[in-house]
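J.: The lines below spell out each chain.
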Amino acid sequence: MIRVVLPGHLRDLAHVNGEVELEVEGQVTQRSILDALEARYPMLSGTMRDHVTQLRRPFLRFFACSEDLSHELPDTPLPEAVASGAEPFLIVGAIAGG
Amino acid sequence: MTNKSGVRVLVGTRKGAFILTSDEKRTKWDVSGPHFAGWEIFHMKGSPADPDRLYASQFSGWSGQLIQRSNDGGKTWAPVNNKFVYDGVPGTHQWYDGTPHPWEFKRVWHLEPSLTDPDTVYAGIEDAALFRTTDGGQSWGELSGLRGHGSGPHWQPGAGGMCLHTILIDPSDPARIFIAISAAGAFRTDDAGETWKPINRGLRSEYIPDPSAEVGHCVHRIAMHRSRPGTLFMQKHWDVMRSDDAGDQWHEVSGNLPTDFGFVIDVHAHEPETIYVVPIKSDAEHYPLEGKLRVYRSKTGGNEWEALTKGLPQSDCYVNVLRDAMAIDALDSCGVYFGTTGGQVYASPDGGDNWAPIVRDLPAVLSVEVQTLA
Chain A
1 MIRVVLPGHL RDLAHVNGEV ELEVEGQVTQ RSILDALEAR YPMLSGTMRD HVTQLRRPFL
61 RFFACSEDLS HELPDTPLPE AVASGAEPFL IVGAIAGG
Chain B
99 MTNKSGVRVL VGTRKGAFIL TSDEKRTKWD VSGPHFAGWE IFHMKGSPAD PDRLYASQFS
159 GWSGQLIQRS NDGGKTWAPV NNKFVYDGVP GTHQWYDGTP HPWEFKRVWH LEPSLTDPDT
219 VYAGIEDAAL FRTTDGGQSW GELSGLRGHG SGPHWQPGAG GMCLHTILID PSDPARIFIA
279 ISAAGAFRTD DAGETWKPIN RGLRSEYIPD PSAEVGHCVH RIAMHRSRPG TLFMQKHWDV
339 MRSDDAGDQW HEVSGNLPTD FGFVIDVHAH EPETIYVVPI KSDAEHYPLE GKLRVYRSKT
399 GGNEWEALTK GLPQSDCYVN VLRDAMAIDA LDSCGVYFGT TGGQVYASPD GGDNWAPIVR
459 DLPAVLSVEV QTLA
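If you're matching them up, the sequences are chains A and B in order.
Position 49, counted from 1, in the first sequence is what my numbering calls 49; the numbers after and before it change by one each time, with no gaps.
With positions in the second sequence counted from 1, the corresponding number in my numbering is that position plus 98.
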């Protein structure tokens, strides 16, 4: 089971509290996690990556295991600790409020 | 019960949406919100065909665009499709410095529901294009004849971005639609969006290389009275303008306004020659002249204007009133509403003679619409 932590505004949008737990088929990558998230919570479509380009939205970052994974390719396997559920996959909003 | 005589004012702000309701007296108000707290609500509007059907444009820098829909007058909301994809290869428009810049979807500025079908809504977006849903927001398609009209590569953004911000549907002919883009100008279709023509003849803008160019004008807002859809009123960047032939030719009606820069313009519900603007000092100083917040009313369709001040701050007021932030209700005694970047929403229940704030301390107001409830 994969664990995902959404930023607060997306937790509100998806009506979830705390971490999200997901079953991900096949290799655990950014793309497979986002695919599974959007399948479970369709209202999140387009809010984490662009509908057309599929690129990460520029004011969101991806972290796990104390590493910044934002610039990894979307199909690069994520650390085993994420795949096993030992560590969460963090989706973080930039500090850009106002 | 929402369907009693009164009004429902839909307010979009920098940090959420608010719904203000009152009976026909419009003296006591119920304030609901913030809805979508923390998100920018560029615009909310109700369907004329079903007042409980509302649409909202919700945006954030983190997560982009969402479209929300309510079927119960704003009590509950659910997101609908937020996928706005340009037809074909989008190409380029002009950037601020005149260089080509790729067309990119950024946000939805304005939602205009059909006059007759609650499931049909037009969306004006940045970078400028017109989209439409016919299934209540489950899918959106571009009316690409506008962007493909031929002048698109010459359009350029205004200070707020290259936004399509005004959509007016002719009540007598739904195939005729007027739109306006900053800074391209006004356009009209007579065939339900298949083909478009620029309607900017008579506009003069000293800030562009050819002041009388076919496109390139920074039109801020257009308004019409539903009984006379061939007569249009425009607040341009500078200049208040009027057309009596559906935009084919414009002439200036700024008259005795103390400054003719501004953003909003609207028409009285029952008097097609009574119009309202809020003059702003200049393109660099986006606040009222002399720190006095004054709505100006013309009862002669322009040129002769009177200042409306009763109940509005007449000293030290330096707020702005953005282009989608004025609305008119249709009660017998016509109500006029506007919101400010200082978070006030003012209402006049008597056509502008007297004003009072409904709320004083909201986040900066981006848009105001009003529904007259039967």
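It is worth saying that the hints were derived from the structure and are not from the lab.
As the structure is a prediction and not an experimental result, all values here were calculated from the model.
Cβ coordinates follow ideal geometry from the N, Cα and C atoms, glycine included.
Treat the hints with care, as some may be off.
Stretch-level coverage of chain A by chain B, calculated; a stretch enters the list once three of its residues show a Cβ under 8 Å from a Cβ in chain B [to be verified]:
#, stretch
1, 13-24
2, 27-37
3, 69-82
Quick list of simulated restraints, FRET-style, between CB atoms [what the hints assert, rightly or not]:
#, chain 1, residue 1, chain 2, residue 2, range
4, A, Gln54, B, Asp121, 48 to 56 Å
5, A, Gln27, B, Gln236, 27 to 35 Å
6, B, Ala472, A, Val16, 48 to 56 Å
Far from chain B by the CB rule (all over 10 Å, computed), these chain A residues [what the hints assert, rightly or not]:
#, residue
7, Met1
8, Arg3
9, Val4
10, His9
11, Leu10
12, Arg40
13, Gly85
J.: For each hint, tell me whether it holds in the structure or not.
T.: Checked hints:
1. 13-24: Violated: only 1 residues of the stretch 13-24 of chain A have a Cβ under 8 Å from chain B.
2. 27-37: violated (count 0)
3. 69-82: The restraint on the stretch 69-82 of chain A is violated, since only 0 of its residues have a Cβ under 8 Å from chain B and three are required.
4. A:Gln54 with B:Asp121: 48 to 56 Å: holds, 50 Å
5. A:Gln27 with B:Gln236: 27 to 35 Å: holds, 32 Å
6. B:Ala472 with A:Val16: 48 to 56 Å: violated, 39 Å
7. Met1: Check passes; 25 Å lies beyond 10 Å.
8. Arg3: holds, 20 Å
9. Val4: Given a closest Cβ separation of 15 Å, the condition holds.
10. His9: Incorrect as stated: the minimum Cβ-Cβ distance to chain B is 6 Å, not above 10 Å.
11. Leu10: violated, 6 Å
12. Arg40: holds, 14 Å
13. Gly85: holds, 25 Å
Of the numbered hints stated above, those contradicted by the structure are hints 1, 2, 3, 6, 10, 11, listed in ascending order.
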